[in-house]
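Visitor: What follows is each chain in one-letter form.
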Amino acid sequence: MPHLKIEYTANIDTQADMGTLCKALAGVLVALKDEQGQPVFPIGGTRVLAYPAPYHAVADGKQDYAFVYLNLRIAAGRNDAIKKVAGDALLARTKAHFESLFSTTLMGITVQIDEGVQVYDAKHSNLHPLFNK
Amino acid sequence: MPHLKIEYTANIDTQADMGTLCKALAGVLVALKDEQGQPVFPIGGTRVLAYPAPYHAVADGKQDYAFVYLNLRIAAGRNDAIKKVAGDALLARTKAHFESLFSTTLMGITVQIDEGVQVYDAKHSNLHPLFNK
Amino acid sequence: MPHLKIEYTANIDTQADMGTLCKALAGVLVALKDEQGQPVFPIGGTRVLAYPAPYHAVADGKQDYAFVYLNLRIAAGRNDAIKKVAGDALLARTKAHFESLFSTTLMGITVQIDEGVQVYDAKHSNLHPLFNK
Numbered sequence: 009m010p011h012l013k014i015e016y017t018a019n020i021d022t023q024a025d026m027g028t029l030c031k032a033l034a035g036v037l038v039a040l041k042d043e044q045g046q047p048v049f050p051i052g053g054t055r056v057l058a059y060p061a062p063y064h065a066v067a068d069g070k071q072d073y074a075f076v077y078l079n080l081r082i083a084a085g086r087n088d089a090i091k092k093v094a095g096d097a098l099l100a101r102t103k104a105h106f107e108s109l110f111s112t113t114l115m116g117i118t119v120q121i122d123e124g125v126q127v128y129d130a131k132h133s134n135l136h137p138l139f140n141k
Numbered sequence: 009m010p011h012l013k014i015e016y017t018a019n020i021d022t023q024a025d026m027g028t029l030c031k032a033l034a035g036v037l038v039a040l041k042d043e044q045g046q047p048v049f050p051i052g053g054t055r056v057l058a059y060p061a062p063y064h065a066v067a068d069g070k071q072d073y074a075f076v077y078l079n080l081r082i083a084a085g086r087n088d089a090i091k092k093v094a095g096d097a098l099l100a101r102t103k104a105h106f107e108s109l110f111s112t113t114l115m116g117i118t119v120q121i122d123e124g125v126q127v128y129d130a131k132h133s134n135l136h137p138l139f140n141k
Numbered sequence: 009m010p011h012l013k014i015e016y017t018a019n020i021d022t023q024a025d026m027g028t029l030c031k032a033l034a035g036v037l038v039a040l041k042d043e044q045g046q047p048v049f050p051i052g053g054t055r056v057l058a059y060p061a062p063y064h065a066v067a068d069g070k071q072d073y074a075f076v077y078l079n080l081r082i083a084a085g086r087n088d089a090i091k092k093v094a095g096d097a098l099l100a101r102t103k104a105h106f107e108s109l110f111s112t113t114l115m116g117i118t119v120q121i122d123e124g125v126q127v128y129d130a131k132h133s134n135l136h137p138l139f140n141k
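Chains as they are written, first to last, in this note's numbering: chain A, 9 to 141; chain B, 9 to 141; chain C, 9 to 141.
Be aware that a few hints might be false.
Because identical chains share one entry, a pair is satisfied inside a single copy or across any pair of copies.
Claimed, not checked - Okay, derived cross-link-like pairs now, DSS-like style, lysine-lysine, Cα gap no bigger than 27 Å in a straight line:
| id | residue 1 | residue 2 |
| --- | --- | --- |
| 1 | Lys91 | Lys103 |
| 2 | Lys70 | Lys31 |
| 3 | Lys91 | Lys70 |
| 4 | Lys31 | Lys131 |
If you're looking for bench data, these hints aren't it; they were derived computationally from the structure. Treat the numbers as computed from the prediction; the structure is a model and nothing was measured.
Whenever a hint applies, use it, and build me the whole structure from the sequences.
Guide: Given below as structure tokens:
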């Protein structure tokens with residue numbers, strides 16, 4: 009972790025440029041620093057996955073509205089201030105990315121952060137060593 | 009929110025008519041009223057997203073079983089009765105939608121509601137004003 | 009439940025053989041026995057769904073890294089030992105499946121188990137009777 013998942017209506021897929029947004033948001037996450045100047049999240053555990061939903065309905069379903077939902081799952085234990093900084097940074101970057109689309113499209117953007125409460129957590133990775141030099 | 013996600017095995021995709029179900033379930037959610045006759049959920053925050061899983065295995069995996077899983081994420085704080093009404097309404101509508109398919113297919117349908125326990129929650133939307141007139 | 013979802017970067021999709029992994033992991037789940045020799049999970053409620061993310065970024069996003077995230081959602085109430093056995097079995101099978109790919113690809117594999125804390129849970133299934141004979 010952090011595990012950032014973007015779930016969105018596929019009606020904006022051709023305009024959404026989601027590959028670019030994924031890279032930008034990964035950049036946001038790995039750039040975050042805590043009060044001691046240390047990375048908030050492990051770089052090697054950072055991933056952003058975006059999924060267009062081929063079937064969808066938004067609000068009363070009477071128009072072809074769009075929705076983009078970001079859910080960031082993080083390990084428990086960070087302080088509230090840093091979680092707010094992380095959420096605000098994700099929302100700001102996402103708003104900027106969709107600024108033009110938002111001006112012409114009826115759409116909602118929501119960002120939420122969950123602290124994972126998993127009862128089992130294990131990994132196997134050759135990514136962490138790359139970034140823990 | 010409410011954020012309703014449908015995760016299902018793609019082996020029923022051609023028969024499932026998921027676009028219709030998404031619209032129907034959005035309709036169920038926005039029509040729900042509380043004891044005071046007010047909408048249970050904000051219309052502009054309602055979204056239904058359905059995702060067929062291209063790879064899947066159900067039960068012992070020995071036959072091509074199907075599964076449809078509905079997860080509704082809502083904000084915390086509503087009373088138990090209203091949550092049961094919401095869940096029952098979603099299940100009833102989904103059962104009705106799949107009545108014919110269910111009679112010829114080995115499949116499971118599950119509906120669950122989670123109260124989101126997010127540590128960060130923010131939005132940017134031009135949908136809410138449409139429905140808060 | 010159990011509800012096992014695999015979210016992964018689509019850059020490994022042609023090599024990942026996810027259909028095989030789904031079947032193998034369903035097999036792992038249904039084969040698990042508790043201290044009394046009884047199945048840990050109901051067979052008819054077991055499903056494995058794998059979703060390639062068409063858009064993604066991992067770590068610093070500077071290379072085309074891969075990620076495979078397994079999230080198993082189970083009902084609350086089982087003991088810690090059995091949850092560890094389940095998680096370890098899923099991780100071991102997944103590591104074995106990707107052993108060759110892992111040797112040539114920069115990738116992360118994570119397995120987490122969540123105990124569902126749903127406030128509503130209902131089902132409609134013709135699968136359970138098949139396995140409760």
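Visitor: What hint numbers does the structure not satisfy?
Guide: none
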